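Enquirer: Protein chains in written order, with the working numbering: chain A, 1 to 936; chain B, 1 to 295.
Derived from the structure by calculation, the hints contain no laboratory data.
In the EDC-like style, the derived pairs of lysine to aspartate or glutamate whose C-alpha atoms are separated by at most 16 angstroms in a straight line are:
hint, chain 1, residue 1, chain 2, residue 2
1, A, 802, A, 122
2, A, 626, A, 761
3, B, 274, A, 794
4, A, 147, A, 115
5, A, 457, A, 328
6, B, 265, A, 841
7, A, 70, A, 3
8, A, 802, A, 585
9, A, 922, B, 271
10, B, 265, A, 934
11, A, 604, A, 797
12, B, 19, B, 144
With the Cβ distance kept under 10 angstroms, some of the chain A side facing chain B (calculated, not the full set):
hint, residue
13, 19
14, 22
15, 109
16, 839
17, 852
18, 916
19, 933
Being a predicted model, the structure only gives us computed values, none of them experimental.
All residues carry an ideal CB built from backbone N, CA and C; glycine is no exception.
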Amino acid sequence: MAELQVVVNGEAITRDVPESRTLAQFLRLDLGLTGTKIGCEEAECGICTVLVDGLPVDSCIYPVWKAQGKTITSIEGLAHGQDLHPLQSNFIAHGAVQCGFCTPGLIMTSAALLEDHADPTDDDIKHALKDTFCRCTGYTSVIQAIKSAARERRGLPPLPVKDPEVDEPMDVISHSVPPQEVVAKVRGEAKYTDDYVFPGMLSARTLRSPHPHARVLAIRTDRAKALPGVQAVLTHTDVPGENLHGLVYRDWPVLCSDVVRYVGDAVALVAADTAEIAAAALALIEVDYEPLPVVPDPISAHRADAPVLHPQHPTGNLLKHIKVRHGDIDQGFAEADFIVEREYHTPTTEHAFLEPECAIGVPEGYPGHDKLTVYVGSQIPYQDRNQIALAMEMSEERIRVIGTLIGGGFGGKEDIAGQIHVALLATVTQRPVKMLYTRQESLIFHPKRHATIIRIKTGAKRDGRLTAVQAELYGDGGAYASLSDKVMTRATTHATGPYNVPNAKIDCYVMYTNNVPSGAFRGFGVTQSAFAVEQNMDILAEALGIDPLEFRLINAQKVGVTTATGQLLRESVGLIETISDVKRDMLAQHNGNGFQWTWREGHKAYAWGMACSYKNTGLGGGAPDKSEAEVEAYEDGSVEVRSAAADMGQGIAHVVAQCTAEEMHIPYERVRALLCDTDLTPNGGPTTASRQTFMTGNAARIAASALREAITRSAAEMLDVPPEQIRYEEGLLRYNGSSVELGTVVSWMKAQGLQPRARHEYWAPPTQPLGSGGDMHFAFSYATQAALVEVDLDTGEVHVHKVMSSTDIGRAINPLMLQGQIEGGIVMALGNCLTEAFIIENGVPWTTLLSRYKMPSIKHAPEIVSRLVEDRSAEGPYGAKGVGEIPSINTTPAICNAIYNATGVRIYSLPVDQDALLRAIKHGEAEIHTAWQDVQ
Amino acid sequence: MSTLWNHYHTPKTIDEALKLLTDYGGQARIIAGGTDLLVDMRAGQHPAHEALIDITAIPEMSAIYRQEDRIYIGAGVTHTQIVRSAELQAHARCLVESCGVVGGPQVRNVATLGGNVAHALPAGDGTVSLVALAAEAEVIQAGERRWLPIGDLYLGPGKSLVDSTRDLLIQFRLRATGAREATAFSRIMRPQGVALPILGCAVWVRLDDTLTHYDSARVCIAPTGPTPERATEIEQALAGKPATAETIQQVILIAMEALHPRTSKYRATAEYRKEMIGVLLERTLSAAVTRAKGG
Ligand SMILES: Cc1cc2nc3c(=O)[nH]c(=O)nc-3n(C[C@H](O)[C@H](O)[C@H](O)COP(=O)(O)OP(=O)(O)OC[C@H]3O[C@@H](n4cnc5c(N)ncnc54)[C@H](O)[C@@H]3O)c2cc1C
Ligand code: FES
Ligand code: FES
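All chains should be built: construct the whole structure from the sequences, respecting the hints.
Expert: Encoded structure:
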């Protein structure tokens with residue numbers, strides 16, 4: 001066949017290209033245009049969208065030879081030189097870019113829309129972007145950005161940015177500065193792991209167990225090794241150090257030796273010249289398995305006769321029994337006038353970050369690499385290094401982990417994915433090795449949100465005061481511990497809800513099973529318990545005849561309350577204010593005839609439902625929690641802040657840069673953040689538990705302030721003026737009506753042999769372990785949300801129209817990006833409620849394709865009214881506490897409470913099933929205990 | 001990501017395409033938009049092929065045109081072309097409605113009507129409308145070119161009369177709706193799981209001269225069996241009846257008796273589907289009657 005002739009971004013290209021290429025591969029591999037991202041290769045996610053002759057197509061399933069003679073536009077072709085396309089500039093201005101991995105796809109799909117619709121409505125936008133997903137933003141800002149860009153293209157002024165109101169903005173803090181690297185993200189120039197290419201790089205793949213539980217009898221790799229182009233085939237015998245990893249318990253084999261414990265367990269590795277050869281080699285590895293009985297769920301796991309999955313674990317399949325004891329439970333229920341006891345079920349759910357896991361290993365001695373180096377978009381770079389070192393039997397100093405941009409994480413990129421594997425392969429082959437997981441591999445492999453069974457009994461007095469909560473939780477920990485211990489501890493300690501509950505007895509059993517491991521997922525267990533707690537609250541409120549808002553106000557935690565873990569709340573408890581905000585906003589919603597909780601229009605039932613939540617900031621529970629940051633000033637007047645704190649889109653990069661700019665009294669534009677390089681950046685600790693703003697924000701703040709003082713001292717000496725007379729303004733040091741550039745002082749310091757650099761190791765206030773009483777956590781964030789749902793009484797379909805939200809985050813460091821976190825959290829939680837379940841049948845996943853896991857699309861995006869409460873935390877940076885998780889906790893119960901208010905049917909199992917809901921409505925049943933995955 | 005196909009051909013004529021199929025002797029497969037084929041191949045639900053033969057560059061298969069009272073639609077016509085066709089908007093509205101809800105723009109810009117039919121799922125959205133429109137399909141099998149009623153192409157779920165390693169689906173034709181005639185399509189989806197409709201329904205109605213009664217009707221509700229079929233019980237029940245809400249309620253009862261949708265795992269219970277038959281008939285018949293009256 002003739003050569004391929006196409007026009008790409010205005011340039012005519014003639015190339016000899018393999019006929020088996022897709023357009024996405026052609027752009028990325030042959031032309032090096034890596035702005036086009038690949039998220040699924042199933043035509044599901046839409047982030048690979050490019051324009052062919054002006055029409056958007058999914059380039060991942062578009063054979064490049066189909067494009068013969070056609071004109072292709074990718075994200076790189078949108079800007080004119082330095083001038084951004086209005087979509088690009090408006091995505092930045094309206095805060096529509098978080099991790100940025102979806103951004104090229106969203107922008108390209110929108111670009112085509114604007115060609116057809118110069119003035120698109122919300123409906124036009126939702127129609128056009130229906131199959132282009134974003135997991136971070138919740139779409140509200142995306143819609144706003146597109147409309148604003150459309151206006152600019154019509155010669156009108158852009159739409160105003162919906163910047164939330166904040167208290168007492170400082171110079172840089174509490175201002176919506178643009179996030180770091182955002183221009184590169186909208187231009188398609190930002191580099192994620194798969195975008196890195198090294199000369200001589202090999203492609204790697206992992207052979208995974210097809211069995212949920214089996215003995216490995218033999219592994220034969222000869223045929224695979226003999227395949228031309230294969231450079232290495234490794235099994236457990238090739239792991240030089242400890243063949244186990246794990247963040248809390250080291251129970252997860254790097255490569256399985258005798259037993260596999262879930263479908264997806266890694267058995268062997270291949271590195272080959274191309275991805276195709278690597279895949280072909282996988283098929284040549286022969287493994288003899290002897291299937292073993294499967295432990296399919298946590299209840300079976302707890303039975304005395306269940307096969308024991310980890311014989312070395314002291315409590316057998318019981319990964320952990322977590323207990324909360326508070327007051328006198330019998331007395332509590334004896335005092336109650338009303339008691340409700342219900343059982344709730346939540347399914348396993350998937351993060352569906354849009355960037356599948358990828359890691360690159362580069363051997364020691366490869367040009368530019370004096371250490372064994374791993375490039376990876378991970379949430380915990382220093383722990384990665386530690387785990388690689390143990391498996392490789394090397395000292396940590398000989399290993400470098402470089403964090404790349406992360407295309408979303410949400411808790412799903414904390415555990416080891418390919419990090420150790422590429423380190424092994426690079427060392428053995430002495431070549432760079434890239435391990436890119438396919439979406440389908442990512443789905444079956446990485447730890448998920450725990451499926452739970454939660455039985456909860458709540459008692460209250462006639463006057464509305466809660467007297468007791470008793471609960472029993474079962475969590476499906478899956479095959480390996482991952483963060484189960486910590487996650488389910490949070491589910492347990494938060495099982496009273498954010499209320500004053502004088503008596504509590506809560507038991508949680510996290511079990512090992514043969515399912516995919518469960519671990520961290522935004523909300524960290526509290527998402528599950530809130531689903532149960534907040535529905536019990538509404539059931540009680542109804543039984544007591546008290547308005548749900550009032551009922552929560554009566555019981556809301558406030559300063560002076562002691563939590564069920566024995567922690568006296570001394571400050572920063574903004575829950576009541578969040579309830580009042582939502583109450584005010586919700587009551588203002590009426591059609592002229594007063595607020596109604598519920599009403600009908602034709603065959604549609606409408607109702608509001610609400611829920612409250614709280615979530616700790618930081619590790620807590622007695623775990624020493626620290627973060628380190630370093631700030632350095634340069635002769636050009638710029639400042640770099642460094643910390644290995646991962647930014648997966650949530651925005652720690654701009655948070656530390658803002659803290660630095662604030663303390664140094666310099667413009668934000670002069671500060672850049674360097675994150676996640678174990679050689680260049682000190683340890684910021686894990687990006688988990690909503691801890692980074694508080695922890696690394698503080699470390700950066702204190703380091704920057706120390707650096708400013710050092711610079712002031714030097715300047716005073718250099719200029720011979722008293723330090724008190726030096727003021728900072730716009731990057732200048734002013735004194736006595738004169739001024740000097742910051743860079744000049746830095747040069748002077750260097751000439752004197754002084755380092756214009758400061759480092760701070762920030763230690764969080766100490767916490768106490770569960771069961772010891774005292775402060776288990778150093779801060780809590782609070783939120784209240786109300787959802788307006790529409791239920792179609794003919795079809796059972798549920799639609800969420802509006803969400804009123806108020807969130808106490810202490811201080812909004814960057815109000816617009818914070819709002820993005822909240823909107824994104826709400827839509828993610830809406831998915832948790834209405835669309836998402838990762839289905840496993842007797843240990844075998846059914847959800848092996850992204851097309852079988854539906855996350856919310858732009859069509860699901862409700863109108864969101866979000867308010868901020870800034871009840872300062874004394875210890876937090878400028879009063880800030882965590883924000884990452886809190887917004888994604890109460891949307892689910894708020895929607896379920898609304899569905900009950902609309903229909904009289906209560907949802908005990910997620911996600912909501914329109915089929916079961918309609919049948920319940922038709923049969924006059926008041927409860928649903930099945931979800932859509934139960935349709936058999 | 002191992003190679004799913006080694007060669008890719010874009011013939012410009014039907015003869016060229018047929019010759020390629022013959023030359024590869026069953027080792028090549030027709031591809032149109034690839035939105036079913038490539039996705040299935042990637043998921044391992046369809047074998048790899050030595051070559052793919054792309055029919056979308058064949059002008060004869062990529063056009064929509066009218067000849068007398070018939071509209072012809074090439075098998076390689078995309079969903080976007082259908083949605084944008086003024087001819088189809090005016091005279092085969094249900095097809096426009098059904099093709100308009102398939103995927104997002106990225107899928108509709110490449111996915112073809114021929115692919116939807118050759119993929120042979122009973123509830124393919126375009127399929128359901130073609131059946132209600134009593135469309136015919138032109139195929140080439142073993143060198144023989146012939147027109148068949150659309151229903152004859154469906155042998156079972158995912159099983160087509162057209163063997164896409166040897167045969168070619170060339171085009172469809174259907175009668176344009178005229179005075180007193182109209183069509184409508186609607187479907188029920190669920191937000192979870194695979195993007196297959198729980199139930200889809202297309203109707204074609206012709207009213208009598210007074211515009212008060214049904215003269216005749218055609219109805220397709222799917223999936224209610226392994227292949228998409230006309231609901232003749234409903235069609236007979238409608239003929240001659242007043243075009244009123246009461247009639248719709250009556251035929252819903254008949255439909256509930258006559259049709260037996262199944263429970264399918266992770267998709268819908270039989271009971272739910274039965275309920276949806278009523279909802280869809282109500283929606284589509286009332287829309288079609290309004291349109292036939294000129295509304
Ligand atoms: C995200 C997504 C959403 C979707 N949503 C829907 C939906 O809502 N409703 C729906 O019905 N479908 C849906 N589909 C399925 C698919 O898009 C349609 O079935 C589409 O019409 C298939 O057309 P295609 O041109 O892509 O077919 P291809 O994938 O190219 O081909 C499909 C099959 O037909 C054969 N074939 C194609 N053309 C010919 C021909 N002319 N002669 C002989 N054989 C031929 C091929 O060999 C192959 O076996 C969706 C797909 C995706 C990826
Ligand atoms: S749709 Fe192409 S990568 Fe997801
Ligand atoms: S910003 Fe959209 S997926 Fe992260």
